[in-house]
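S.K.: We have chain A; now place chain B onto it with these hints.
2 protein chains.
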Amino acid sequence: MHQDLITLKKICKPIENDLKEFQLEFDNALSSEVRLINSISKYIIKNRGKNIRPILTILSSRLCGEPTPNSYRAAAMMELLHIATLIHDDVVDDATLRRGRPSINKVWKNKLSVLMGDFILSKALINMVRLNDFDALKQISTTAEKLSAGEILQIEKSITRTMTESIYFDMINQKTASLIATSCELGAITTSKLEEDRQSTHSFGQYLGMAFQIKDDLFDILGNESDTGKNSGGDVKKNMWTLPLIFSKNNMTRSQYRLLNKLLNKKRKDGHILKKIYHMVEETGGIDYAKNKLDDFSNRAIDSISSYPNSVIKQSLVDLVGFNVNRVK
Amino acid sequence: MHQDLITLKKICKPIENDLKEFQLEFDNALSSEVRLINSISKYIIKNRGKNIRPILTILSSRLCGEPTPNSYRAAAMMELLHIATLIHDDVVDDATLRRGRPSINKVWKNKLSVLMGDFILSKALINMVRLNDFDALKQISTTAEKLSAGEILQIEKSITRTMTESIYFDMINQKTASLIATSCELGAITTSKLEEDRQSTHSFGQYLGMAFQIKDDLFDILGNESDTGKNSGGDVKKNMWTLPLIFSKNNMTRSQYRLLNKLLNKKRKDGHILKKIYHMVEETGGIDYAKNKLDDFSNRAIDSISSYPNSVIKQSLVDLVGFNVNRVK
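Chains as they are written, first to last, in this note's numbering: chain A, 4 to 332; chain B, 4 to 332.
Since the hints were derived computationally from the structure, they do not count as laboratory data. Even for Gly, the Cβ is constructed at its ideal location relative to N, Cα and C. Each hint should be verified, as a subset may be incorrect.
To give a feel for the contact side, a few chain A residues facing chain B, derived at Cβ under 10 Å [unchecked claim]: (1) LYS114; (2) GLY120; (3) SER125; (4) ALA147; (5) GLU148; (6) LYS149; (7) LYS160; (8) SER206.
Looking at chain A on its own, in the form it has when it is part of the complex:
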């Protein structure tokens, strides 16, 4: 088994039974009377990710109390929301790889991907309503807005070439960290409901989410296809500004800047050009800067839950932060 998975399995040990409850909720949530929907669902379930968001909801719920049926429902819902955005991402990016297999839109075409994403969103909504909890609904609906608004903001800044570090942090907060923060906060909302618990778990998730995106940014510029299961250099190729690039851009000589722009402006960026871009960013400190920020956000995540007494659950949350820093996928 891959090292990442071994680490994750250890982290999940204290919530093994909870994850089975989640799995039941999840499997039921996608059922339909339409045969084609069930075929696509099976394909999706077979190619599932690492369940990071449901794991976070359940760990948070155990940090704040005892999981309720709503905790498992909320966990299923966050995973559905995440999967729907992945499927829609595939459409819009025309990515050919997602977790190392042909993405759904290559198998079922764009039309079905958009509709299937919408179908899963509607199932998340049905699950959401079943929570019967307006606090949860408010939190989730504003999160849903941030997911798409964050991505559109990213495109706007890529078109107008006006991405700054502070806009970048705002953007990844919306498009990545908000969903992870809400996944954690739902652990509190579905158990103790205490404002204090909500704030702590939300902060934990938000900082972890920021660290998660920065790690992905680093993969984008460092990684390779077989390692990450994603097309590496994808963001660089599409002129999406990632943190290492933003830092380096602001910390290079004018002649370096002109050269970088020339490389970024090339319509087709082959491995040779991507390597050149990488070396310029490395040389001008962009990689180190992003790694420092990754550590910084990771520490802030751990600080957010420092007031809770030590326990296997708390340890698993801390280990998840470390898991992100060290993951090779």
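M.R.: Using the frame of chain A, we list chain B on its own:
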């Protein structure tokens, strides 16, 4: 002014002020801090449709009582839901025309269309939660599921070529009538909340919605581009089975059937081929059959609200049914 619009203006006369309240809710609902989102929203608002769904919510609310702030919110939400599905439809169909202007995806590309559709869905969700009404939420979430499930069912049947009349009615009920039925029922849910009112308005909307889709099917086979603002023959071109085609297929000789299949199987269907298909369907009674069904569903819609005392509001609902039968767009 176009005859359709004159008729519609007359129908809306008794709810002129209500529609202003709806408009306020709607304009506020789409606001964002992201500039690109606001540009796209402006483009969408400029190219709005006929507001049929909000008109139905408001007329229904006045049929059952006095509109509440929630009635206007619900009206805005149904229009948002409708617009989001239109935008996603544009992506998946790669349609070049929508209401006679270049569709959003030609201006902003597929990526933004998917994300903008998702953004509008999330805004509909936020609006939904503000209703603070679980009856409404349950109704809306199952409707959202039907919208995408109905479209996926249509694709499945088009791929497997196993569309029957009864599956067709199930399919248009899900993909078109359910949203219109819920638009009407929300008029009752946000006012009297009486089960009887909910059932009557729901039935009215459901039958009207069926009639609406059959009218669109007739446009697809009869209409022309400048008349309908949509690409005519779009469904026929994509081998989507519409009601006239389904009836004719079952009521023609085997040699006619072979010829029809040959025409439908052609990858590129020019005007000449579409005309041939039209004549075969006309000859074998498909057009007349669909027109009869259109009248049938229209009458059933009117019957659904027959127990209400006569009023200008009831008359407007009846006139809307007639508007659909006679509309030329």
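S.K.: Now look at each hint and say whether the structure bears it out.
M.R.: Consistency of the hints with the structure:
no.: 1; hint: LYS114; verdict: holds, 4 Å
no.: 2; hint: GLY120; verdict: holds, 8 Å
no.: 3; hint: SER125; verdict: holds, 4 Å
no.: 4; hint: ALA147; verdict: holds, 4 Å
no.: 5; hint: GLU148; verdict: holds, 4 Å
no.: 6; hint: LYS149; verdict: holds, 8 Å
no.: 7; hint: LYS160; verdict: holds, 9 Å
no.: 8; hint: SER206; verdict: violated, 22 Å
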